[in-house]
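Colleague: Each chain, written out:
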Amino acid sequence: MLLIACPWCGERDETEFHYGGQAHVAHPADPHALTDAEWGAYLFVRDNPKGEFAERWVHSAGCRRWFNVVRHTVTHDISAVYPAGQPRPNEQGEGTA
Amino acid sequence: MTVDGFALAHLRRSPLGHLADRFAASSVPGPGGVRLRELPFLTQLNLRLDPTGPAAARAAEALGAPLPTGACQAAGTGALRVLRLGPDEWLVVGPDGAAPTLGDTLRQALGEEPGSVVDVSANRTTLELAGPSARPVLEQGCSLDLHPRAFGPGRCAQTTVAKVQVVLDQLDDEPCYRLLVRDSFAQYLADWLLDAAGESQAPLLASQSAGQSGGNAMKR
Ligand SMILES: [Zn+2]
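Which chain is which? The protein sequence lines are A and B, in order. If you read the first sequence in my numbering, its first letter stands for residue 1, the second for the next number, and so on. If you read the second sequence in my numbering, its first letter stands for residue 1, the second for the next number, and so on.
Please note that the accuracy of each hint is not assured.
[To be verified] Simulated DEER-style distance windows between Cβ atoms:
no. : chain 1 : residue 1 : chain 2 : residue 2 : range
1   : B       : Gly154    : A       : Gln86     : 25 to 31 Å
2   : B       : Ala57     : A       : Arg46     : 42 to 48 Å
3   : B       : Ala57     : A       : Val25     : 35 to 41 Å
4   : B       : Thr77     : A       : Ser60     : 28 to 34 Å
5   : A       : Leu34     : B       : Val120    : 40 to 46 Å
6   : A       : Ser60     : B       : Arg149    : 25 to 31 Å
7   : A       : Asp13     : B       : Arg149    : 17 to 23 Å
8   : B       : Gly154    : A       : Asp36     : 52 to 58 Å
9   : B       : Pro114    : A       : Gln86     : 18 to 24 Å
10  : B       : Gly78     : A       : Ala29     : 51 to 57 Å
11  : A       : Asp13     : B       : Thr101    : 53 to 59 Å
Note that these hints are calculated values from the structure, not bench results. Cβ coordinates follow ideal geometry from the N, Cα and C atoms, glycine included.
Here chain B stands alone, though its shape is the one from the complex (with noise of 0.2 Å):
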């Protein structure tokens, strides 16, 4: 969501911002360990343009990112991420309240070349999903092969995490992957992945807890 005014910031709702105390509970320091929050407000441009004409490249130097080409590619980093989602189209996701700013550079770049630059911001929310156990928490609902042999920073997917669709984004080899989600499926897939999570960490934290008997007393 764009807000030019400053009044109306403190109105925004975040679809997941109810969650951040669970988020921060299911939260496992550690080797072993992972950690969920929301990235809520990231500025997400949806650009759509020819790769091979010029304006690819003056877009590209606006965001001192190269629009990948390859398939699942993206470039950048956290601040500015390029994601391919296809031969001639790219989501550009950067910080909180940069979609003015940010909006006007690509469409200056454009300039008179066919393609749109659209403020896609309020489409969806970022779950973000880290540390060394992410993977196998993530892989129990994406059936992607997420090994770094096949995926690792750099790449990007549109595919199916628990039945729900989403942009899933690698943004380094912790793992820590961003999952773009639409507001309406954000609820659903942020319990799926506390639960998924808790799953995953229950060894851990039932042996964090050793001498307690049976495993009832986990805290989830």
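Chain A with its partners taken away, still in its complex shape (with noise of 0.2 Å):
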């Protein structure tokens, strides 16, 4: 069980959020001008790293809100926890507190 602190509530149960994929992938700006094999990046391709991935949850059962997680993807450790739309702290990731 991971404990989460959500940004609006603090420190809840895993229980309490769903899971959103990958963070910061942003919509394309002209999907019309993506060819299939782009389009298909773009919906199905996500980053699986061994190590720190920062990743979207919501809060459904608090607050409802979605936010951003960095997560080490083998020890769970989160390492940063930051409101939608803020830029993800300590890009390097391994090494900063």
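Work from the hints to combine the two standalone chains into their complex.
Modeller: Below, the structure written as structure tokens:
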């Protein structure tokens, strides 16, 4: 069970949240300009790092807000939680506090 | 539910009205006791506005209570309660029938600012769980730390109790909790609370009926 600190509610059990996949996947500015392969990549292809991963969560059983979490995919350590729309903090990931 | 015509009022049915007798029978007075009851038809208004804008101050003044801006904070009294649901969202809980006037007051306070005032009174009914043993009863199904060091009067939370989404509001130190729950989950939650209260009260009831052998004679 993860303990996730919602930016608006504080620390809550993982069961109050739902997962939203990779964060910072921008919608294409002009979808019509994309090839089928590019559109498919936008829809379906995601990073799968062994390490820190910025991902979206929604506090479904609480405030119902979406926000972003940087979670280590091996240790489940959560190194950052930040509101949706904000850039990912400490981009380098490992080594920073 | 807003009932404008008095002729309609007697047609209302609260989700837990039929459990009043069981609530009364399960209530245990005294130092280890717990009481459970439904507070039906409370007015609930969902208020959304910019907490830094002019409408926030106007709304607070109109309500006579601040709009809390910290995580999981509540303001006001049991008669008029303001629960923070999110960074720009509050639930204003008032007495039955207050929705039209309270709504108008808040809409005036909102003015031309972006935001909304929505009557959601029919969304949820309210369970009141109070008494010295209320916290251990609640803790059986709530993963939040409800110890006074972490939670107390003036705190509220949207969380789960027995896997049901509730808005939990602690009113005083007794402690007295309100659980605002969706109508369709109310029966399940009430049954669960009755069961949990029965379990926590079992030793107390057993000691009260000392002399009886075995636990089977306990009143549940
Ligand atoms: Zn939250």
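Colleague: Against each hint, give a clear statement of whether it holds in the structure.
Modeller: Against the structure, the hints:
no. : hint                           : verdict
1   : B:Gly154 - A:Gln86: 25 to 31 Å : 29 Å, holds
2   : B:Ala57 - A:Arg46: 42 to 48 Å  : 44 Å, holds
3   : B:Ala57 - A:Val25: 35 to 41 Å  : 39 Å, holds
4   : B:Thr77 - A:Ser60: 28 to 34 Å  : 30 Å, holds
5   : A:Leu34 - B:Val120: 40 to 46 Å : 41 Å, holds
6   : A:Ser60 - B:Arg149: 25 to 31 Å : 28 Å, holds
7   : A:Asp13 - B:Arg149: 17 to 23 Å : 19 Å, holds
8   : B:Gly154 - A:Asp36: 52 to 58 Å : 56 Å, holds
9   : B:Pro114 - A:Gln86: 18 to 24 Å : 21 Å, holds
10  : B:Gly78 - A:Ala29: 51 to 57 Å  : 52 Å, holds
11  : A:Asp13 - B:Thr101: 53 to 59 Å : 39 Å, violated
When the structure is compared with the earlier hints, a violation turns up for hint 11 alone.
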